[in-house]
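K.L.:
Position chain B relative to chain A; hints supplied.
Sequence order for the protein chains is A and B. Each residue of the first sequence is one higher than the last, beginning at 1 in the working numbering. Each residue of the second sequence is one higher than the last, beginning at 1 in the working numbering.
Simulated from the structure, these hints should not be mistaken for laboratory data. Backbone N, C-alpha and C fix where the C-beta goes; we use that ideal spot for every residue, glycine too. A hint or two may mislead.
[Claimed, not checked] Straight-line C-alpha distance at most 20 Å; calculated SDA-like pairs for lysine to any residue:
#1 B:LYS29 / A:TYR29
#2 B:LYS142 / A:ASP4
#3 A:LYS3 / B:MET144
#4 B:LYS29 / A:ILE14
#5 A:LYS3 / B:ARG141
#6 A:LYS158 / B:ARG141
#7 B:LYS29 / B:ALA92
#8 B:LYS29 / A:ARG25
#9 A:LYS158 / B:TYR43
#10 A:LYS115 / A:GLY142
#11 A:LYS115 / A:LYS158
#12 A:LYS3 / B:TYR43
#13 A:LYS115 / A:ASN91
#14 A:LYS3 / B:LEU145
#15 B:LYS142 / B:ARG2
#16 A:LYS3 / B:TRP136
#17 A:LYS115 / A:ASN145
[Claimed, not checked] Computed footprint of chain A on chain B; a stretch qualifies when at least three of its residues, placed anywhere within it, have a C-beta under 8 Å from a C-beta of chain A:
#18 35 to 45
#19 60 to 72
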Amino acid sequence: MIKDAVIILLISVIFGLGINVVSPRSIPYIGKYRSLSSSGGPIVPPDAEEGDPSFIAIDVAQLEFDGSDVLFVDARDPSDFECGTIQGSVNLPFEYLPEEGVEAYIDSILGGVTKDHRLILYCSGEECDLSLHLGRNLQILGYTNVAVFFGGSREWEKLGLEIERRVNCDE
Amino acid sequence: MRRIVDNDLLTLLIRLTVGITYIYASFYKVIEPGAFAKSIWFYHMVPGNLINLIALILPWLELVVGLALIVGLFYRGAVLWINLITVLFIIALSTAIVRGLNIDCGCFKVGKEATATAWDALIFDIGLLALTLQLWFSRSRKWMLAAK
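Here chain A stands alone, though its shape is the one from the complex (with noise of 0.2 Å):
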């Protein structure tokens, strides 16, 4: 039974490892993953690119959040939004913006803030990828001042801190 196993295990390396060298969509054998679970340092997602915008730690957006003059943006959809998020943050669902117009959408909604305002971007934790694309829209559009803060509403809430529900839906 083990030297079956072995073997199995062997030929599911081999083909594993071996196929990842031809592959066109091969990733690095060893991951540059943090570990979720250890505490410090912003949340980065894996597919973070260079001239992404700055990943800020849940401390880093507390402390902005209590002091400087900074626009919380929930990039979720407005049922996520509604059920609860970050105290006084604007939504702009990433998944609803518009074909045409978007800038003067997007302006709307930000309250017609300068292009260099400080936003920080987040949507419900570290398995949504919306406040990244979010993000990256933004930048192309020319708003110079972006982060996002990858923990997101569920990191905020699990700290205890404020939250703005609309809508109640817990059942």
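P.N.:
Just chain B, lined up with the frame of chain A:
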């Protein structure tokens, strides 16, 4: 009970069901190891530098084990692996549910909707474990390429 468990036809049907399920499940992961790596990352269970290695090897393991079960080669090893992998998935899903993680990795869903998805997957895997355990206990060795 023993006679039911050892039934040749039942064992064959379960080999096919479980084998096809795992081969089917391995497909997208074999083709998109990057996306699968990210799914593993979401579970918060594996050290970061091991994620890609697991993402490359585990789908192939599922595929090879699925094939081995169906054709009946390296059979006892395949049965051992299929039970281990299924238990592993059950543990991973359970901890994800307990910790309230969203593991539906389309990944645009949040909250309850995603929890329901994790529950569905968990129930499915527990059902699958019942089948793989049958293979573990069954002494039937009929219709196999290399029956021992």
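K.L.:
Next, verify each hint and record whether it holds.
P.N.:
Status of each hint after checking the structure:
A hinted pair counts as satisfied when its Cα atoms are at most 20 Å apart, and LYS29 (chain B) with TYR29 (chain A) qualifies at roughly 15 Å. In summary, the hint linking LYS142 (chain B) to ASP4 (chain A) is supported, as the alpha carbons are separated by about 18 Å, within the 20 Å threshold. Between LYS3 (chain A) and MET144 (chain B) the CA atoms are separated by roughly 18 Å; this keeps the pair inside 20 Å, and the hint holds. The suggested pairing of LYS29 (chain B) with ILE14 (chain A) holds, with an alpha-carbon distance near 16 Å, which does not exceed 20 Å.
Of the supplied pair hints, the one linking LYS3 (chain A) and ARG141 (chain B) holds, its CA atoms being roughly 18 Å apart against a limit of 20 Å. Our distance criterion of 20 Å between C-alpha atoms is broken by LYS158 (chain A) and ARG141 (chain B), whose separation comes to about 53 Å. Under the criterion of a C-alpha separation no larger than 20 Å, the hint pairing LYS29 (chain B) with ALA92 (chain B) is consistent with the structure, at around 17 Å. Pair hint LYS29 (chain B) plus ARG25 (chain A) holds up; C-alpha atoms about 11 Å apart against a cutoff of 20 Å.
A hinted pair counts as satisfied when its Cα atoms are at most 20 Å apart, and LYS158 (chain A) with TYR43 (chain B) qualifies at roughly 17 Å. Among the hinted pairs, LYS115 (chain A) with GLY142 (chain A) is consistent with the structure: their alpha-carbon atoms are about 6 Å apart, no more than 20 Å. A distance of roughly 31 Å separates the Cα atoms of LYS115 (chain A) and LYS158 (chain A); the hinted pair therefore is violated under the 20 Å criterion. Restraint check: the Cα-Cα separation between LYS3 (chain A) and TYR43 (chain B) comes to about 31 Å, which exceeds 20 Å; the hinted pair is violated.
About 18 Å separates the Cα atoms of LYS115 (chain A) and ASN91 (chain A), which keeps this hinted pair within 20 Å; it holds. The hinted pair formed by LYS3 (chain A) and LEU145 (chain B) meets the criterion: a straight-line CA distance of about 17 Å does not exceed 20 Å. A hinted pair counts as satisfied when its Cα atoms are at most 20 Å apart, and LYS142 (chain B) with ARG2 (chain B) qualifies at roughly 16 Å. For the given pair, LYS3 (chain A) sits about 16 Å from TRP136 (chain B) by alpha-carbon distance, which is consistent with the 20 Å threshold.
Among the hinted pairs, LYS115 (chain A) with ASN145 (chain A) is consistent with the structure: their alpha-carbon atoms are about 8 Å apart, no more than 20 Å. Residues of the segment 35 to 45 of chain B with a Cβ under 8 Å from some Cβ of chain A number 5, which satisfies the need for three, so the listed coverage holds. Judged by the Cβ-Cβ criterion of 8 Å, the segment 60 to 72 of chain B is covered by chain A as claimed, because 6 of its residues qualify and three suffice.
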